[in-house]
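Engineer: Residues per chain, in single letters:
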Amino acid sequence: MFFKLAIESLLSRKGSVLMTLMAMTVSIFVLLGVEHIRQEAKESFSNTVSGVDLIVGARTGTINLLLYSVFRVGAPTNNISWASFQEISSGKNVKWAIPISLGDSHKGYRVIGTTENYFKHFSYGNKTPLRFLDGKPFKDIFDVVLGFEVANKLNYKLGDEIVLAHGIARTSFSLHDDRPFTVVGILEPTGTPVDQSLHVSLEGIEAIHIDWEQGVKIKGLNITNDQLKQIELKPKSITAFMVGLNSRIATFRVQRSINQYTKEPLLAILPGVALSQLWQMMAVLENTLRLVSVLVLLAALLGLSAMLLSSIRERDREIQLLRVIGAPPFFIFMLIQLEALVISILSIILGGSILFCCLASVRELLTYHFGLHISANIISNSSLVFLSLVLIATIFAAVIPSFNAYKIAR
Amino acid sequence: MIKNEKTIKALSLRDVKFSYPGVREKMVLNIPNWSIEAGEQVFLHGPSGGGKSTFLNLLSGILFASQGTVNVLGKQLQKMSGRQRDHFRANHIGYVFQQFNLIPYLNAISNIQLARHFCDQKKVGQLHDEIKNLLSILNITSSDWSKPAAKLSIGQQQRVAIARAFINKPKLLIADEPTSSLDANNRDSFITLLKSLVEKQKTTLIFVSHDLALSKNFDRSQALSDINLASGIK
Chain B
1 MFFKLAIESL LSRKGSVLMT LMAMTVSIFV LLGVEHIRQE AKESFSNTVS
51 GVDLIVGART GTINLLLYSV FRVGAPTNNI SWASFQEISS GKNVKWAIPI
101 SLGDSHKGYR VIGTTENYFK HFSYGNKTPL RFLDGKPFKD IFDVVLGFEV
151 ANKLNYKLGD EIVLAHGIAR TSFSLHDDRP FTVVGILEPT GTPVDQSLHV
201 SLEGIEAIHI DWEQGVKIKG LNITNDQLKQ IELKPKSITA FMVGLNSRIA
251 TFRVQRSINQ YTKEPLLAIL PGVALSQLWQ MMAVLENTLR LVSVLVLLAA
301 LLGLSAMLLS SIRERDREIQ LLRVIGAPPF FIFMLIQLEA LVISILSIIL
351 GGSILFCCLA SVRELLTYHF GLHISANIIS NSSLVFLSLV LIATIFAAVI
401 PSFNAYKIAR
Chain W
1001 MIKNEKTIKA LSLRDVKFSY PGVREKMVLN IPNWSIEAGE QVFLHGPSGG
1051 GKSTFLNLLS GILFASQGTV NVLGKQLQKM SGRQRDHFRA NHIGYVFQQF
1101 NLIPYLNAIS NIQLARHFCD QKKVGQLHDE IKNLLSILNI TSSDWSKPAA
1151 KLSIGQQQRV AIARAFINKP KLLIADEPTS SLDANNRDSF ITLLKSLVEK
1201 QKTTLIFVSH DLALSKNFDR SQALSDINLA SGIK
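As they're listed, the protein sequences go chains B and W.
Mapped onto my numbering, the consecutive letters of the first sequence carry residue numbers 1 to 410.
Mapped onto my numbering, the consecutive letters of the second sequence carry residue numbers 1001 to 1234.
Treat the hints with care, since some could be wrong.
What the hints assert, rightly or not - The following residues of chain B were derived to be distant from chain W, with all beta-carbon distances above 12 Å: (1) Val30; (2) Asn64; (3) Lys92; (4) Asp134; (5) Gln196; (6) Gly244; (7) Arg253; (8) Leu270; (9) Leu278; (10) Trp279; (11) Ser305; (12) Ala306; (13) Ile325; (14) Ser383.
Unchecked claim - Just so you have them, the derived chain B footprint on chain W, three or more residues with Cβ under 8 Å: (15) 1008-1020; (16) 1105-1117.
Simulated from the structure, these hints should not be mistaken for lab results.
Heads up, the beta-carbon is just placed ideally off N, CA and C, and yes, glycines get one too.
Use the sequences and the hints to build the structure in full.
Structural biologist: Structure representation (structure tokens):
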């Protein structure tokens, strides 16, 4: 009966209640959304690479190197020479090295020229190695291994032939259509940018560019695939490389020696440190977003309080009547509290569901454009903590109108 | 406590003085001695603003006197806590006002259920039959039972209010100008229905009205000014 009274009372004031409900829903949406995306982005970022001790590239900003080598966002500033790679990767502390050569793409997905080491040593998440869903690593010059999403979205299977495009634009006019690649392997989903990558051998990258110069195909120069096999396809340069060391203790020493490398300006970064720098950069943004969402919630709660407060004035006689039929003042107090909580809980459900739908529909865009993997599952420990805080804040916001009603009832 | 219906008073007030906090010097009620026998039907009249509402609120325990004793159905209201008085009121006192007797957004049935909610007897199965029974006796057609109270006519609202007041079988019924918003036809049927229920349930009735013509319907008629000696009536 208590519950029914609160519900019927809210229903009898549909207009103002609906407006308040909407304000609360929007604020819950913003609050949960900001919190969820923040967490997911952080998770997604820090899970992208693990087990790599150093990332080495041409001298540039730490974060820039991290972005293009790991996240495949942005463009590399410069290449590094193959000779430098060979010299550093043969150092005594180096256990393994994965060269990376970027610059080509396929229907918007980036192509990575690398070696078999990539499949052997690269890991993500909690040191999870890459696994093959189907097929095996590339062996031949024109073999390609697809990330899960590439294969899934473009509906490729083993044995399909695909053509790479020069440059990283989504729609490229210069295609390497004279030398198609054959799909020999498809990786398991990882939830990292690996899913959106195509992996070919460094020789493959070299081969498709052999009769190109300055980004365009040289007219009249056609080298057949048979001729290619005769040529030694040694890369002259690569974009970056990842290094695994024998002992982590040596990390700083190796880093320093790479940074002081005299033959070429190089930069070695620790992925973990670079990641946390990236997050420090975002901290201001993060906190601003949080602050804004809290203020939005505060505004909505004040609106709720104001709505209830003005309703109390209209409900003077109703309260007197309840008193006469035996309702204690505390009942009246709790009635107003319940009305506030009902609005709050409804807006949590509404805001949560709208957020869920939005995330489910934009997550592909986020993945595509920003390499962010945002799950639509918004129920986490921290979101539950936030929601209980919202409920507690609601109780506080409703104290003034509830107490007003209580005073009338006294 | 209840020994014999004839000897026990339904209501007795002795040396009751009341003034509102903040205006202490201005006494609203000063009642040396007044009582009603159990089962008696008393008509009280007086001009509006004559301390009537205060007097009735004192009897129902919404207000309580700073001095003197108010004894209702054998219980001293002053000795009860606020919670106990609310409980006592829910269980034993029915109330009908001039208007706004019902929660406007609840339908007739829910309004009556709500009155039962604060009372001790909570057998829901029987309750529905009791409510339907009462509403039929009071000439409310079943199609109006589930309409929000605000959609009912004033006459219907007042009759539903009787049902609401009687659902817990109160020993005391206080009717505060219940017919003042009604036209002559509705007023007469209201009084007839009220009296038949009061007689059937042997309820003690206090009927307050400024309309002296109604006094012929009741056992005893008294002016509030005869009971209340407070001079400074606002």
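Engineer: Failing hints, ascending?
Structural biologist: 13 and 15
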